[in-house]
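Enquirer: Residue numbers (this note's numbering), protein chains in the order written: chain A, 3 to 291; chain B, 13 to 327; chain C, 2 to 496.
By construction, these hints were calculated from the structure, which means they are not laboratory data.
Treat the hints with care, as some may be off.
To be verified - Computed list of lysine-lysine pairs in BS3-like fashion (alpha-carbon distance at most 27 Å, straight line):
(1) C/334 / C/201
(2) C/201 / C/79
(3) B/96 / C/294
(4) A/58 / C/474
(5) C/282 / C/171
(6) A/60 / C/201
(7) B/96 / C/171
(8) B/96 / C/201
(9) C/480 / C/394
(10) C/79 / C/150
(11) B/96 / C/214
(12) C/392 / B/96
(13) C/193 / C/79
(14) C/201 / C/99
(15) A/58 / C/371
(16) A/113 / B/135
(17) A/60 / C/251
(18) A/23 / B/231
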Amino acid sequence: MSVGTLPEVKRGLVGAAFQSKSFALGFAVTAVFILAALLSLIWTPYDATALAVSDKLKAPSGLHWFGTDHFGRDIFSMIMVGARTSIAVAFVAVGIGIAAGVPLGLWAAAKQGSLVDEIIMRANDLVFAFPALLIAILITAVFGPSAINAIIAIGIFNIPVFARLARGAALTLWTREYIFAARVAGKGAVRISAEHILPNIMNLLIVQGTIQFSLGILADAALSYVGLGAQPPTPSWGRMLADAQTMISLAPHMALFPGAAIVLTVLGLNLMGDGLRDLFDPKLRRSRS
Amino acid sequence: MAPYLLKRLISLVLSLLAASVVIFLVLQVVPGDPASYMLGMNAQPETVEALRQQMGLNEPLVWRYLTWVVGLAHGDFGVSYTYKVPTGELIAQRLWVSLPLALYALLLSTVLALPIGIISAAKRNSAADYGIMGVTQLGIAVPNFWFAMLLVLLFSITLRWFSAGGFPGWNAGFFVALKALTLPAVALALPQASILARVMRSSLLDTLSEDYIRTARAKGLTRGQTLVRHAVRNALIPVLTIIGLQFSFLLAGAIIIENVFYLPGLGRLVFQGITQRDLIVVQSVVMLLVFAVIIITFLVDMAYALVDPRLRSRA
Amino acid sequence: MNSLMKLMTTAAILVATSALTPAFAANTAITVGMVLEPPNLDPTSGAAAAIREVTYANIFQGLTRFDANGAIVPDLAKSWDISADGLTYTFHLATGVKFHDGSPFSADDVKFSLDRARAPDSTNAQKGLFADIASVDVVDPATVKVTLKKPNGSFLFNMAWGDAVILSPKSIATEATNPVGTGPFKFVNWVKGDRVELAKFEGYWGAAPKLDKVTFKFISDPSAAFAAMMAGDVDAFPLFPAAETLEQFKADPRFEVISGNTEGETLLAMNNGKKPFDNIKVREAVAHAINRKEIIDGAMFGYGTPIGTHFAPHNPDYVDLTAQSNYDPEKSKALLKEAGYPDGFTVSLKLPPPPYARRGGEIIAAQLAKVGIKAEITNVEWAQWLEQVFKGKDYDLTIVSHTEPMDIDIYGRDNYYFNYKSDAFKKIMTDLSGTTDPAKRSELLKAAQKRIADDYVNAFLFELPKLGVANAKIVGLWKNQPTPSNDMSEVYWKD
Numbered sequence: 003m004s005v006g007t008l009p010e011v012k013r014g015l016v017g018a019a020f021q022s023k024s025f026a027l028g029f030a031v032t033a034v035f036i037l038a039a040l041l042s043l044i045w046t047p048y049d050a051t052a053l054a055v056s057d058k059l060k061a062p063s064g065l066h067w068f069g070t071d072h073f074g075r076d077i078f079s080m081i082m083v084g085a086r087t088s089i090a091v092a093f094v095a096v097g098i099g100i101a102a103g104v105p106l107g108l109w110a111a112a113k114q115g116s117l118v119d120e121i122i123m124r125a126n127d128l129v130f131a132f133p134a135l136l137i138a139i140l141i142t143a144v145f146g147p148s149a150i151n152a153i154i155a156i157g158i159f160n161i162p163v164f165a166r167l168a169r170g171a172a173l174t175l176w177t178r179e180y181i182f183a184a185r186v187a188g189k190g191a192v193r194i195s196a197e198h199i200l201p202n203i204m205n206l207l208i209v210q211g212t213i214q215f216s217l218g219i220l221a222d223a224a225l226s227y228v229g230l231g232a233q234p235p236t237p238s239w240g241r242m243l244a245d246a247q248t249m250i251s252l253a254p255h256m257a258l259f260p261g262a263a264i265v266l267t268v269l270g271l272n273l274m275g276d277g278l279r280d281l282f283d284p285k286l287r288r289s290r291s
Numbered sequence: 013m014a015p016y017l018l019k020r021l022i023s024l025v026l027s028l029l030a031a032s033v034v035i036f037l038v039l040q041v042v043p044g045d046p047a048s049y050m051l052g053m054n055a056q057p058e059t060v061e062a063l064r065q066q067m068g069l070n071e072p073l074v075w076r077y078l079t080w081v082v083g084l085a086h087g088d089f090g091v092s093y094t095y096k097v098p099t100g101e102l103i104a105q106r107l108w109v110s111l112p113l114a115l116y117a118l119l120l121s122t123v124l125a126l127p128i129g130i131i132s133a134a135k136r137n138s139a140a141d142y143g144i145m146g147v148t149q150l151g152i153a154v155p156n157f158w159f160a161m162l163l164v165l166l167f168s169i170t171l172r173w174f175s176a177g178g179f180p181g182w183n184a185g186f187f188v189a190l191k192a193l194t195l196p197a198v199a200l201a202l203p204q205a206s207i208l209a210r211v212m213r214s215s216l217l218d219t220l221s222e223d224y225i226r227t228a229r230a231k232g233l234t235r236g237q238t239l240v241r242h243a244v245r246n247a248l249i250p251v252l253t254i255i256g257l258q259f260s261f262l263l264a265g266a267i268i269i270e271n272v273f274y275l276p277g278l279g280r281l282v283f284q285g286i287t288q289r290d291l292i293v294v295q296s297v298v299m300l301l302v303f304a305v306i307i308i309t310f311l312v313d314m315a316y317a318l319v320d321p322r323l324r325s326r327a
Numbered sequence: 002m003n004s005l006m007k008l009m010t011t012a013a014i015l016v017a018t019s020a021l022t023p024a025f026a027a028n029t030a031i032t033v034g035m036v037l038e039p040p041n042l043d044p045t046s047g048a049a050a051a052i053r054e055v056t057y058a059n060i061f062q063g064l065t066r067f068d069a070n071g072a073i074v075p076d077l078a079k080s081w082d083i084s085a086d087g088l089t090y091t092f093h094l095a096t097g098v099k100f101h102d103g104s105p106f107s108a109d110d111v112k113f114s115l116d117r118a119r120a121p122d123s124t125n126a127q128k129g130l131f132a133d134i135a136s137v138d139v140v141d142p143a144t145v146k147v148t149l150k151k152p153n154g155s156f157l158f159n160m161a162w163g164d165a166v167i168l169s170p171k172s173i174a175t176e177a178t179n180p181v182g183t184g185p186f187k188f189v190n191w192v193k194g195d196r197v198e199l200a201k202f203e204g205y206w207g208a209a210p211k212l213d214k215v216t217f218k219f220i221s222d223p224s225a226a227f228a229a230m231m232a233g234d235v236d237a238f239p240l241f242p243a244a245e246t247l248e249q250f251k252a253d254p255r256f257e258v259i260s261g262n263t264e265g266e267t268l269l270a271m272n273n274g275k276k277p278f279d280n281i282k283v284r285e286a287v288a289h290a291i292n293r294k295e296i297i298d299g300a301m302f303g304y305g306t307p308i309g310t311h312f313a314p315h316n317p318d319y320v321d322l323t324a325q326s327n328y329d330p331e332k333s334k335a336l337l338k339e340a341g342y343p344d345g346f347t348v349s350l351k352l353p354p355p356p357y358a359r360r361g362g363e364i365i366a367a368q369l370a371k372v373g374i375k376a377e378i379t380n381v382e383w384a385q386w387l388e389q390v391f392k393g394k395d396y397d398l399t400i401v402s403h404t405e406p407m408d409i410d411i412y413g414r415d416n417y418y419f420n421y422k423s424d425a426f427k428k429i430m431t432d433l434s435g436t437t438d439p440a441k442r443s444e445l446l447k448a449a450q451k452r453i454a455d456d457y458v459n460a461f462l463f464e465l466p467k468l469g470v471a472n473a474k475i476v477g478l479w480k481n482q483p484t485p486s487n488d489m490s491e492v493y494w495k496d
């Protein structure tokens, strides 16, 4: 894995990014959902939690763009608010992964071959070895279902991803001459990691962060689908699908729209991630063009 | 090699022990008492106590852990609290569903993904390539349980070609059983196939840019010949690694799909075990899955170490 | 994608051809759908209703039994004499009865079963049913004498429960996985996670059942249940989990929708021992904030009878008290103000898994919000519900259906999770257990219903309906559910 250096990346980053079609498309789709999530804080067409049982299971119409659910709630409004929940859960979970995983990975790289390195890497393998969804279910069984516990459950599995990535990238950097120079100059491992290594692996972290973000959206959907994510009345995409399941023959629109929202958000993030990777990875860029 | 192997073996055993402790402890703090669950709302406290005694739940924590681990080492998984049969028997029954389902899904995904990935790489930057890349992007983004719901809506409820779920057992006939596993396998295979096709494509592209491929071309082999004789074979190595990983994922990751199609598989056994607080079943199955992944990872590492001596010093 | 479609089409054709040879022999087999799989098949050591739904009246029999309408009728005991003081019951047993393993049934088995259920190490989930038994004596192989500690008007009723069935001491160790009873069907096979199969027992002592084979198939997913019913994979689904699809079955002449009643009083239970629900005004305010019709329409798709107290509406002694807690949000707000909560308050609402609770809970939370009460929903599993709510009494509000028949006495229990303490109610219960005169008993039962309604112990929502779907050609299924059971002894196919 090659690592672009910082000055190279900074130059015209934004412009270059938008020249990549997949980044531009992904960014546009993601932005729509992020904006919808933000907008839902101040406005939704209907109150996403207001029940109107007499209006239940209405097909999409001018009045309810995406129809209504089994309690007569407006699905469009619920998807807007649900975007907020999903995005927040996935975003914080990625944050946990980076905040805990990157320092661990850098530490392991700095002490390559030592006991610390061995323990960190084996602990990583161990977390990887656990069936993620099962453990998430167990965690929520212990602490009760809530958005916070969904975040923790997803976040834990993000830690080894970032730890591995950071360690792998850092290891190649430690062999570079300028790092050697810094060592000779008397800088400690912590300062070197922070000042020279971290900035140089930032682009890798951003790409991986985008991918983990999209995986987080999927994981949150799965957890709420089995009833372990945000609790009602807070709308969540996964639970909307679970509710829709029994009525799928009666009101397919209840299943179609939340599902499409998940697919589009994940798709948008993945496209963004691909675009960024092409941008940061000169080798791939060459082979693409 | 020998010291490296020894080191890895020790760390393997330590990993397994650590995993068993973590699993056991997590399950001890899960709220909800198996005995109360079984006896329901009208049970008298003394009855619950009698059942706890009978289940061995009143033994000290450390003792219960040791009994379990020593049992595991002998291949004895303990007796299920709710079903009252040996957990090993339950797991074996469920494996007859989960294992074929995982293999079926893996087969579908491989059969679909490899040709697609190869075509995509061979016709790089063509309309077909972009089309395939687009579809696989979509495939990765679709939650498999939602895809499963759509499959049920289309094939079970509307067209009535497949039953919406359930598993008649292999005794009902091979094709009858296979049919019951088809929709779940398709639902599981879609995202896997998408990932695999992309890995196949990029791996092939990497290989195609290697020097020996250029040499082969220079020697007069056609593009197609080069692709088949040299590139695909070499590109398969990372693909096989992914397939290996996907298999263990499919084995454990089918919980939700098994629930959508009410298949009596390993995932549903654990899920039921959690709701019924059949802790002995839950901890044994989770341990088994973790064990499988750790062993697979270990073997893959060993294989790499044999191939590439440099890795030994790095790992 | 193209090849995917092709593959699926080929697979579908393959499947369609194999489905052309259906396994309809003569119609003496039935497949019955159930939502939950029983954890094991021993009704004397587990509370799960699913155990009884498979075994009651099919595999196992008791001294007495419930018939389809909930009346207590003779079963293994052909008849009985009750002594004048109400303390001694002499049961005359059926003769020529055999267990499925071929061994003969006798009075010894009755003594064994009853003594086992009330032993100190018993794990019977309804041990209370046997609490009044002082001794069980074998008079002769066909006669058993049960002596009670004190008169108990419901003793014959208690003996009809699935928990009081008669087992053979020989098979007791393996009852959970290989049940052996005296009923018309014997256990054949259990594919865990999928189905239990029963077959006609040739040596049955009573009228032979018309079916040869009964398969109970476990389908927990509502949409899968719908599809399985529609596809004919399942012939009957007595407790159908997807009420929202019943209209489709009603419109289809192939099916019959069976809607009856259960013994399940569905409550919004309030923790009477905890602020703010220790204040009767607050409880009354909650009762008036609840719109039962909206709940029944929204959560139960219109099925279910509103109740105003903890009693089954189909019981002759039922008093309709729903008007006393009618939907009146203004009154509710006024009561909250009087109680010192003009701006309402925030409480927790714990919801167990059944749809009536999860869906009903969302509606109730919205209704309470209208009068200023903010109910924060937490979905819990049964195991957690039992530990936290039922045992730990750590809750403010919860929704649950009390499915045991005639269980109004729970309001008189000390330490019950409602935390309701009323000496007046306890006195009614004490008087009731000492009364045998039917008119007086009815009087007392009505008084008990009024007492808890006046105290607004809980918000009483609706009687849980029994909603089933069956192939229209099936005859003899139970309409109501006096006790959890899928009695197949009189079921048959009309051609």
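Enquirer: Now tell me if each hint is right for this structure.
Expert: How the hints compare with the structure:
no., hint, result
1, C/334 / C/201, "violated (61 Å)"
2, C/201 / C/79, "holds (22 Å)"
3, B/96 / C/294, "violated (43 Å)"
4, A/58 / C/474, "violated (33 Å)"
5, C/282 / C/171, "violated (58 Å)"
6, A/60 / C/201, "violated (48 Å)"
7, B/96 / C/171, "holds (18 Å)"
8, B/96 / C/201, "holds (26 Å)"
9, C/480 / C/394, "violated (35 Å)"
10, C/79 / C/150, "holds (24 Å)"
11, B/96 / C/214, "holds (25 Å)"
12, C/392 / B/96, "holds (25 Å)"
13, C/193 / C/79, "violated (36 Å)"
14, C/201 / C/99, "holds (14 Å)"
15, A/58 / C/371, "holds (20 Å)"
16, A/113 / B/135, "violated (45 Å)"
17, A/60 / C/251, "holds (21 Å)"
18, A/23 / B/231, "violated (37 Å)"
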